[in-house]
Amino acid sequence: MNVEQVEKWMTLYQAEVEKNKDYLSQLDTDIGDGDHGNNMARGMTAVADGLEKDKPADLAHAFQNIAMSLISKVGGAAGPLYGTAFLEMAKAAKSGGTDIPNLLQVAADGVAKRGGAKVGDKTMVDVWEPAAKDAQAGQLNDANIDKLVDATKPLRALKGRASYLGERSIGHLDPGAVSTGMLLKTLLQATA
Amino acid sequence: MNVEQVEKWMTLYQAEVEKNKDYLSQLDTDIGDGDHGNNMARGMTAVADGLEKDKPADLAHAFQNIAMSLISKVGGAAGPLYGTAFLEMAKAAKSGGTDIPNLLQVAADGVAKRGGAKVGDKTMVDVWEPAAKDAQAGQLNDANIDKLVDATKPLRALKGRASYLGERSIGHLDPGAVSTGMLLKTLLQATA
Amino acid sequence: MKKILNDPSNLVPEMVSGMVASYPQYIRQIPDTLAVVRNDRAFNEKHAPKVGVVSGGGSGHEPLHMGFVGQGMLTAAVPGQVFTSPTPDQIYAAVKAADQGKGVLLIVKNYSGDVMNFDMAKDLASIDDIKVESIVVDDDVAVEDSLYTQGRRGVAGTVLVEKIVGAAAEAGLDLAALVKLGKAVIAQTKTIGVALHAATVPEVGHPGFELGPDEMEYGVGIHNEPGYKREKMVPSAALAKELLGKIGGHFDGGVAGKKFTVLVNGFGATPLGEQFVFANDVLEQLKDAKADVIFTKVGNYVTSLDMTGLSLTLLQMQDDQWLDYLNAPAATIGWGDSRNER
Amino acid sequence: MKKILNDPSNLVPEMVSGMVASYPQYIRQIPDTLAVVRNDRAFNEKHAPKVGVVSGGGSGHEPLHMGFVGQGMLTAAVPGQVFTSPTPDQIYAAVKAADQGKGVLLIVKNYSGDVMNFDMAKDLASIDDIKVESIVVDDDVAVEDSLYTQGRRGVAGTVLVEKIVGAAAEAGLDLAALVKLGKAVIAQTKTIGVALHAATVPEVGHPGFELGPDEMEYGVGIHNEPGYKREKMVPSAALAKELLGKIGGHFDGGVAGKKFTVLVNGFGATPLGEQFVFANDVLEQLKDAKADVIFTKVGNYVTSLDMTGLSLTLLQMQDDQWLDYLNAPAATIGWGDSRNER
Ligand SMILES: Nc1ncnc2c1ncn2[C@@H]1O[C@H](COP(=O)(O)OP(=O)(O)O)[C@@H](O)[C@H]1O
Ligand SMILES: Nc1ncnc2c1ncn2[C@@H]1O[C@H](COP(=O)(O)OP(=O)(O)O)[C@@H](O)[C@H]1O
Ligand SMILES: [Mg+2]
Ligand SMILES: [Mg+2]
Ligand SMILES: [Mg+2]
Ligand SMILES: [Mg+2]
Numbered sequence: 001m002n003v004e005q006v007e008k009w010m011t012l013y014q015a016e017v018e019k020n021k022d023y024l025s026q027l028d029t030d031i032g033d034g035d036h037g038n039n040m041a042r043g044m045t046a047v048a049d050g051l052e053k054d055k056p057a058d059l060a061h062a063f064q065n066i067a068m069s070l071i072s073k074v075g076g077a078a079g080p081l082y083g084t085a086f087l088e089m090a091k092a093a094k095s096g097g098t099d100i101p102n103l104l105q106v107a108a109d110g111v112a113k114r115g116g117a118k119v120g121d122k123t124m125v126d127v128w129e130p131a132a133k134d135a136q137a138g139q140l141n142d143a144n145i146d147k148l149v150d151a152t153k154p155l156r157a158l159k160g161r162a163s164y165l166g167e168r169s170i171g172h173l174d175p176g177a178v179s180t181g182m183l184l185k186t187l188l189q190a191t192a
Numbered sequence: 001m002n003v004e005q006v007e008k009w010m011t012l013y014q015a016e017v018e019k020n021k022d023y024l025s026q027l028d029t030d031i032g033d034g035d036h037g038n039n040m041a042r043g044m045t046a047v048a049d050g051l052e053k054d055k056p057a058d059l060a061h062a063f064q065n066i067a068m069s070l071i072s073k074v075g076g077a078a079g080p081l082y083g084t085a086f087l088e089m090a091k092a093a094k095s096g097g098t099d100i101p102n103l104l105q106v107a108a109d110g111v112a113k114r115g116g117a118k119v120g121d122k123t124m125v126d127v128w129e130p131a132a133k134d135a136q137a138g139q140l141n142d143a144n145i146d147k148l149v150d151a152t153k154p155l156r157a158l159k160g161r162a163s164y165l166g167e168r169s170i171g172h173l174d175p176g177a178v179s180t181g182m183l184l185k186t187l188l189q190a191t192a
Numbered sequence: 001m002k003k004i005l006n007d008p009s010n011l012v013p014e015m016v017s018g019m020v021a022s023y024p025q026y027i028r029q030i031p032d033t034l035a036v037v038r039n040d041r042a043f044n045e046k047h048a049p050k051v052g053v054v055s056g057g058g059s060g061h062e063p064l065h066m067g068f069v070g071q072g073m074l075t076a077a078v079p080g081q082v083f084t085s086p087t088p089d090q091i092y093a094a095v096k097a098a099d100q101g102k103g104v105l106l107i108v109k110n111y112s113g114d115v116m117n118f119d120m121a122k123d124l125a126s127i128d129d130i131k132v133e134s135i136v137v138d139d140d141v142a143v144e145d146s147l148y149t150q151g152r153r154g155v156a157g158t159v160l161v162e163k164i165v166g167a168a169a170e171a172g173l174d175l176a177a178l179v180k181l182g183k184a185v186i187a188q189t190k191t192i193g194v195a196l197h198a199a200t201v202p203e204v205g206h207p208g209f210e211l212g213p214d215e216m217e218y219g220v221g222i223h224n225e226p227g228y229k230r231e232k233m234v235p236s237a238a239l240a241k242e243l244l245g246k247i248g249g250h251f252d253g254g255v256a257g258k259k260f261t262v263l264v265n266g267f268g269a270t271p272l273g274e275q276f277v278f279a280n281d282v283l284e285q286l287k288d289a290k291a292d293v294i295f296t297k298v299g300n301y302v303t304s305l306d307m308t309g310l311s312l313t314l315l316q317m318q319d320d321q322w323l324d325y326l327n328a329p330a331a332t333i334g335w336g337d338s339r340n341e342r
Numbered sequence: 001m002k003k004i005l006n007d008p009s010n011l012v013p014e015m016v017s018g019m020v021a022s023y024p025q026y027i028r029q030i031p032d033t034l035a036v037v038r039n040d041r042a043f044n045e046k047h048a049p050k051v052g053v054v055s056g057g058g059s060g061h062e063p064l065h066m067g068f069v070g071q072g073m074l075t076a077a078v079p080g081q082v083f084t085s086p087t088p089d090q091i092y093a094a095v096k097a098a099d100q101g102k103g104v105l106l107i108v109k110n111y112s113g114d115v116m117n118f119d120m121a122k123d124l125a126s127i128d129d130i131k132v133e134s135i136v137v138d139d140d141v142a143v144e145d146s147l148y149t150q151g152r153r154g155v156a157g158t159v160l161v162e163k164i165v166g167a168a169a170e171a172g173l174d175l176a177a178l179v180k181l182g183k184a185v186i187a188q189t190k191t192i193g194v195a196l197h198a199a200t201v202p203e204v205g206h207p208g209f210e211l212g213p214d215e216m217e218y219g220v221g222i223h224n225e226p227g228y229k230r231e232k233m234v235p236s237a238a239l240a241k242e243l244l245g246k247i248g249g250h251f252d253g254g255v256a257g258k259k260f261t262v263l264v265n266g267f268g269a270t271p272l273g274e275q276f277v278f279a280n281d282v283l284e285q286l287k288d289a290k291a292d293v294i295f296t297k298v299g300n301y302v303t304s305l306d307m308t309g310l311s312l313t314l315l316q317m318q319d320d321q322w323l324d325y326l327n328a329p330a331a332t333i334g335w336g337d338s339r340n341e342r
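Residue numbers (full-length UniProt numbering), protein chains in the order written: chain A, 1 to 192; chain B, 1 to 192; chain C, 1 to 342; chain D, 1 to 342.
Everything labelled a hint here was simulated from the structure, so no lab data went into it. We treat Cβ as the ideally placed atom computed from N, Cα and C, and that holds for glycine. Hints may be right or wrong, so weigh each one.
As the list claims (entries may be wrong) - Pulled from the structure, derived: some chain C residues nowhere near chain B, Cβ distances all over 12 Å:
#, residue
1, ARG41
2, ASN44
3, GLU133
4, LEU175
5, MET233
6, GLY336
7, SER338
As the list claims (entries may be wrong) - If you only want the chain C side, here are some residues facing chain B, beta carbon under 8 Å, derived:
#, residue
8, GLN81
9, TYR111
10, GLY113
11, GLU144
12, VAL204
13, GLY208
14, GLU210
15, GLY221
Just chain A, same shape as in the assembly (with noise of 0.2 Å):
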């Protein structure tokens, strides 16, 4: 990946959150506090100003530059989650491992252990561990995308706001799968 690229991903996902803000907010509604959209709206808008403001010189500053601006105004839950992903990635990029399997990999590997979610609990992380699978297998695209995010509908959530439902959280899409879903997908489109 390059820094372009990045941009370009930045700049897709950016409409594709704002686009479905609201969306966001109603499946955190339905089984969180109902502000993912609005944060992750929020935090889009701040990484394109960061990138906007300090044009980055490389990929690993591409990166982190997209990992404080995620940090310092998303909050909440996805904000450490997004970030830590981002800063893990800026990590792996210093050290040189720039293709996208690999950087799936650290980011899905940050997110998980800054959350201490595993797969099937029924967050963002039954997305980015499978994803990145998907990635080194070559496997990578929107049908498997979108069944990895369909697949966390029928779980009981252990982990995050949806948790305290209990058996109340099944049936519903968890929000950080979807913004995750859309953000692999606008990844795919960027680097197509």
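Starting from the known structure of chain A, fit chains B, C and D with the ligands onto it as the hints suggest.
Structure of chains B, C and D with the ligands alone, referenced to chain A:
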């Protein structure tokens, strides 16, 4: 007037107030705080209890008994006003002035003094004072009472809670005038 | 109507009983009444007799008045039924409980009912040779004042009067001095309120009036009394401007160069966060107007059941001593911490 | 939605600015952040260095946390956006401002977002060699607890933890002792809440959920999180019985013969009078159950914007020292008077 008549009067008035509780509170909602019906109903229940518990030996004690119930149970503006009316009648009865015109006059004077209101201020004084005069002239009847009550409608309130409305108090009956009208009509019935 | 109650007609006794059970370090109930009196050691053991300060009025304005009973503020308080003045017998009992041989000052809000009931209580107390004086709070400048009318209502500014006079009584001022102080403070206290949603009296069961989904009632009273106009909602800064304009006009020569206490008072259902947003606008605008705010309180002090809205009070601080009285300790449920030195 | 605001997305900065402008004797803003830190002389002049105590979380729960900053309670507090955890950079700034060389204790409510953001702040502070520890409040027993889940939410009991730990820090306990104390208190703190009407997040514009005109949500969270059941309204005494039953079951061997602190906490739009009616029922039932209530607080401490409803917290007082900490002075906006000796 005698003790039996007073008791009959209070029984009739309690029934009348109970029947018109919501109406009185509605009048008070329009230009006051909406509690006049509840206040009077609570007070008349106390009056009935008080007369029951402590059978009055003479007219003065009957009025005193009623006054104490009203003063200690009605609260708001109506409590001290009606309480004062009956207290003044008790004093008059004690010194032998048991005829109705005289009783009404001392009551009316007491109410006016307690509240500092004059005829025309759109309060119960607008009924008490002229009704006492009507009684002296042998003219106290339902039609005249209704006239006095209705006459409060076009006035602008200068005393009591309705006065805070200024111009906006115009066009509404004064709740205390209405409950005073009922008191006087049931007096006529009880002493007919 | 959704309320956490048992029998609505039993609200007041149950509330009083909850207050004394929760905070026995401040108050206890006066036997056979709904009134409460100080319960701290200094008072119970009669350490140093002071003038008693007693207030009261209809219920539904909590923490006023019972929440302000305690050393340094009120000596006793008398709740009536919801929005209904207490009766003279109850007030009289509170006067007797509060009297320490130095007389008692009654702080009365200017409503016909309150004035008359407190007057009758004064008559009763005079028979026992208790010296009783009263002052009448009438801070609501939404209402026109005139010699021929009832005058203005007593609203949120009452808490400032109770704090200053209560602290002065604790400091040992005599009855005549307290009357003088109270009247001087009242003359400088101006309040105006707005409602976004009217209060529901439990025994009535529906709001006192209905406002449209974007309407606001300006100049509302604390018993759902209608105000001076009903208009579309405006942002907080515009609201601050409207209310400051109305209030400021009541200080001769405007607010510039004068010292003020500011009270932003929530009516019961207004979140504290919104009250601080409004306070922010008020304080900024007063600064721009070169007024000097030396004391501020923001919160629910004089409520109106579940009314949504708030009131703004300005008290012109004519005497440096008044600030000391505001800052003096007060051991009560509702006034809060008192170490307000700046 | 009817709210007294300017731009809803500007609520938090304007609210913070209103708080520091209204109460400069307690707090000031940390430059370039929304966080606040103590502003009293003892702190500013570094009279005696103590462990800093910092808390924070999403806004909309005022007076929590900023209203509890002041000598004797919190050293600093960090507000996030409404119902959204604050970010690590803001928390880190508060840690630096609160540190007096003795380390800093973070009091975190148990939400994924809060835990993660505070953890990241801890990482940031470790680079500056500031000793930072954290304790996580999880008092909401409406939620099932298990090793494999997020565990319980942190709700109203947080204010009791902040008061006790804050007073202990003021008394000079070191960081390790404060962690131990905080964990012990948290383990004994159990809360459950009910809503009559959900909160409206200003940027969302409508209530988080809809309840029927006679419905109540049992076990609701302070961010509109749904609870464990939705049922018809019941009288206050029946509600007290339900909540005490749920909470009491979490104390081994029940409540009889044990000492408790009781907190009845209004959610923002519940009149204080109703809270006292409910407190009355709770205290009566605890007395009947032979529980010994040695400290009580009733009022709006941990709110949820304009939610109607309240929560009940029981804290079993395992150590006599805890009562002294609750009674110790606290110069804050929100805790109230502290001379609570009985
Ligand atoms: N412990 C966790 N581990 C991994 N993902 C989590 C965790 N907690 C929450 N999430 C993710 O974060 C999403 C919610 O984000 P958001 O609504 O922005 O934050 P908050 O829950 O603080 O309001 C969830 O849908 C879930 O995917
Ligand atoms: N100063 C006064 N003088 C005479 N009558 C008055 C005065 N103030 C109020 N009233 C009477 O009292 C009535 C209101 O009584 P009520 O509603 O029971 O008391 P409150 O106004 O305290 O709620 C008014 O309609 C009016 O007739
Ligand atoms: Mg969320
Ligand atoms: Mg009335
Ligand atoms: Mg009334
Ligand atoms: Mg959130």
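So, going through the hints one by one against the coordinates:
Against the 12 Å criterion, ARG41 of chain C stays outside the reach of chain B, whose nearest CB is about 32 Å from its own CB. Annotated as non-interface, ASN44 of chain C keeps its C-beta farther than 12 Å from every C-beta of chain B; the closest such distance is 27 Å. Distance to chain B confirms GLU133 of chain C as a non-interface residue, since its nearest Cβ pair spans about 19 Å, more than 12 Å. Under the 12 Å C-beta cut-off, the non-interface status given to LEU175 of chain C relative to chain B holds; the minimum distance is some 24 Å.
A cut-off of 12 Å between C-beta atoms confirms that MET233 of chain C is not in contact with chain B; the least separation is 22 Å. For GLY336 of chain C, the non-interface assignment is confirmed: its Cβ lies about 29 Å from the closest Cβ of chain B, beyond the 12 Å cut-off. Under the 12 Å C-beta cut-off, the non-interface status given to SER338 of chain C relative to chain B holds; the minimum distance is some 33 Å. At about 6 Å, the closest approach between the beta carbon of GLN81 of chain C and any beta carbon in chain B falls short of 8 Å, and the interface hint on this residue holds.
Because the smallest distance between the Cβ of TYR111 of chain C and any Cβ of chain B comes to about 6 Å, under 8 Å, the interface hint for this residue holds. The restraint placing GLY113 of chain C at the interface with chain B holds, with a minimum CB-CB distance near 4 Å, inside the 8 Å limit. For GLU144 of chain C, the shortest C-beta to C-beta distance to chain B is roughly 6 Å, which falls under 8 Å, so the interface hint holds. For the restraint placing VAL204 of chain C at the interface with chain B, the shortest Cβ-Cβ distance is roughly 6 Å, inside the 8 Å limit, so the hint holds.
Nearest Cβ of chain B to the Cβ of GLY208 of chain C: about 6 Å, under the 8 Å cut. The hint holds. The beta carbon of GLU210 of chain C comes no nearer than 12 Å to any beta carbon in chain B, farther than 8 Å, and the hint placing it at the interface is violated. With a cut of 8 Å, the hint placing GLY221 of chain C at the interface with chain B holds, because the nearest CB-to-CB distance is about 6 Å.
The structure fails hint 14 only (numbered hints given earlier).
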